[in-house]
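Residues per chain are reported as follows:
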Amino acid sequence: MSNNYLDIIRPGINTTFQDKGRDHLYHIGIPFSGAMDNRNYLIANKLVNNNLDSAVIEFAYQGPHIKYSGEKINFAITGDVIFSINKKDTEIEGNCYESYQIENGDEINILSTNKSVYGYLALGGEFDLKFQWNSYSINTKANIGSNDGKKLDVRQRINLKKINSNKDIKKTNYVNTKIENIRVIKGTNFDYFSEKGKKIFYEKEFTVSKLSDRMGMRLEGPKIENIVDTNIKSEGLIKGVIQVPADGNPIIMLSDHGTIGGYPKIGVVASVDYDRLVQISPGSKIKFKEINLSDAETLFKLYEMETKNLLSQI
Amino acid sequence: MIKNISNLGDAALYCDFGNEVNKSINSQVIKYFKTIKEKKLEGINNLTPSYNKLIISYDLRKTNFKEVKKFIENINIENSEKTKSKKLEIPVCCQKNFSMDIKRLEEILKLSREKILKNFFNKEYFCYMTGFIAGMPFLGDLDKNMRAQRLETPRVKVPKGSVAVTEQFANIYTFESPGGWNILGNTPLDVFDSSKEEKPNLINPGDTVIFKEITLDEYNNFNE
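Read top to bottom, the protein sequences are chains V and U.
In terms of the working numbering, the first sequence has 133 at position 133, counting the first letter as 1, and numbering is strictly consecutive.
In terms of the working numbering, the second sequence has 120 at position 120, counting the first letter as 1, and numbering is strictly consecutive.
The reader is advised that the hints may include incorrect statements.
Computed footprint of chain V on chain U, listed as stretches where at least three residues anywhere in the stretch have a Cβ under 8 Å from a Cβ of chain V [unchecked claim]:
no., stretch
1, 1-8
2, 131-142
Quick partial rundown of chain V residues pointing at chain U, CB under 7 Å, derived from the structure [stated by the list, open to error]:
no., residue
3, 23
4, 26
5, 27
6, 28
7, 29
8, 185
9, 238
10, 240
11, 260
Lysine to aspartate or glutamate pairs mimicking DMTMM-like chemistry, simulated, CA-CA at most 25 Å apart [claimed, not checked]:
no., chain 1, residue 1, chain 2, residue 2
12, U, 157, V, 247
13, V, 223, V, 180
14, U, 34, U, 198
15, V, 20, U, 38
16, U, 144, V, 229
17, V, 20, U, 67
Quick caveat, the hints were computed from the structure, so don't treat them as lab data.
Glycine is no exception: its CB is placed at the ideal position from the N, C-alpha and C atoms.
Let the sequences and hints guide you as you build the complete structure.
Structure below.
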């Protein structure tokens, strides 16, 4: 029995444990998973003095309402999130990118993400969770990972097996930047599409559909015409691949994607833009912009350096 | 042999073995897959073998396209040990409630139920790849007169264990999932078991599979 635990009063819409994800399993059909927005995941852990690969609670749109029981512990929330901390007699409006200390009986109420999709809640310590294939990440489609591979549910209790002794309060001034132009590298089936289709892909706006989730982001817009074949022989996928099925509407593969797919690949999102891509909420408009491989590699290096700098300043 | 290597985005290598789907090309893909996997190159995250492609994804923090490409081009496949493959028998019950699409297949293939099942069971299958959902095997090849397109509208929920066909392939739904293949029957066997961390997949690329028809009683008593 643990003396430190969380009770879920309201689970939120899609609340899961996530970490760095799991690799070396695509060949048996298990995707990467892991925190969708990796940078915000890392910052959350750093703010509460955790190891950077610790599990955090990821939520989408509406977050969980949690009651904490146990000895004092720090927590931090990252993303663009509206939340409050309810103590015995007071309610405090919380700020993201700032750690807070809570004690027995305090509640964290994560109301919503603000014009974005994912937010992260890190607690200064370690959750008592099942580690499967080198990761705590939950894949709700295959029921893999901690919590029996299921979303967090109401009235559920989550135990902590350890609380950090370092309880320094930390803060950083990070601001999430939004992007509308997603940089992409030409896909392996780019020539399956008509000249007009290619033009549409790079020049027109697409709207993010409500049917988007951790598996994929569906887009709606002018149809991208295929002139070769609307199917290919099924082959591997990676996150960021943009497939165009027969209906002409692109789908971007996200972290929980099926490992094999049979639709032509028009492009692949550059790694540098992945964290910000997943935060684009349904109804928003996006545009694709072509870049070459070497620029994509350089931009990712810079992005990684920036992330490292951010973390070292916390 | 690999005909062409290109990049799939900035974090994966796309090895193209051609466009045909046959055992000999697929065996090449699997050979490469197993050899590269054993070498455990720093930075490689995942290998996805399929009919005639091998996708190698890597961590862009640790390596890049140029490095991985060079490694693949210099790899010696001939010297790799002969890879082991298994021969498996999968029990399938085709009782009415399980063979959801048999009527549809009778119409499309213009064959009787008996004939369809006879063709299906009277055959040895080769596992080309596993994936899409965890542990799902893609098995081939069905005879030409057994090839049907997938459903126009995929099912939202295909029951776990469903054994289904489309075009020249058969597969097994390792857990409940959406899907559009034509369902012939159901196996009581756990084809994917996530509690086995070492070997969660019963069927792996390169394995041979035969299906064996069982009665409803045998199905119900299977796990006892």
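We went through each hint and held it up to the structure:
1. Restraint check on the stretch 1-8 of chain U versus chain V: 3 residues with Cβ-Cβ distances below 8 Å, three needed, restraint holds.
2. Beta-carbon proximity to chain V at under 8 Å applies to 7 residues in the stretch 131-142 of chain U; the threshold of 3 is reached and the given coverage holds.
3. Annotation: interface hint on residue 23 of chain V holds; nearest CB of chain U at approximately 4 Å, less than 7 Å.
4. With 7 Å as the threshold, the beta carbon of residue 26 of chain V comes within range of chain U, its nearest partner Cβ sitting at about 4 Å, so the hint holds.
5. Satisfaction of the interface hint for residue 27 of chain V is found here, the shortest Cβ-Cβ separation to chain U being roughly 6 Å, below the 7 Å cut-off.
6. Of the supplied interface hints, the one on residue 28 of chain V holds, with its beta-carbon coming within about 5 Å of a beta-carbon of chain U, less than 7 Å.
7. Look at residue 29 of chain V: its Cβ gets to within about 4 Å of chain U, closer than 7 Å, so that hint holds up.
8. A hinted interface residue such as residue 185 of chain V counts as satisfied when its beta carbon comes closer than 7 Å to some beta carbon of chain U; here the least separation is about 5 Å, so the hint holds.
9. Against a cut-off of 7 Å between C-beta atoms, the interface hint on residue 238 of chain V holds, since the closest Cβ of chain U lies about 5 Å away.
10. About 6 Å separates the beta-carbon of residue 240 of chain V from the nearest beta-carbon of chain U, less than 7 Å, and the hint is met.
11. About 4 Å separates the beta-carbon of residue 260 of chain V from the nearest beta-carbon of chain U, less than 7 Å, and the hint is met.
12. Taking the CA atoms of residue 157 of chain U and residue 247 of chain V, the gap is near 22 Å; set against the 25 Å cutoff, the hint holds.
13. Restraint check for residue 223 of chain V and residue 180 of chain V: satisfied, since their Cα atoms lie roughly 19 Å apart, inside the 25 Å limit.
14. A hinted pair counts as satisfied when its Cα atoms are at most 25 Å apart, and residue 34 of chain U with residue 198 of chain U qualifies at roughly 16 Å.
15. Of the pairs offered as hints, the one joining residue 20 of chain V and residue 38 of chain U holds, with about 23 Å between alpha carbons and a cut-off of 25 Å not exceeded.
16. Under the criterion of a C-alpha separation no larger than 25 Å, the hint pairing residue 144 of chain U with residue 229 of chain V is consistent with the structure, at around 21 Å.
17. For the hint linking residue 20 of chain V to residue 67 of chain U, the alpha-carbon distance of about 24 Å falls within 25 Å, and the restraint holds.
Against the hints set out earlier in the document, no violation occurs for any number.
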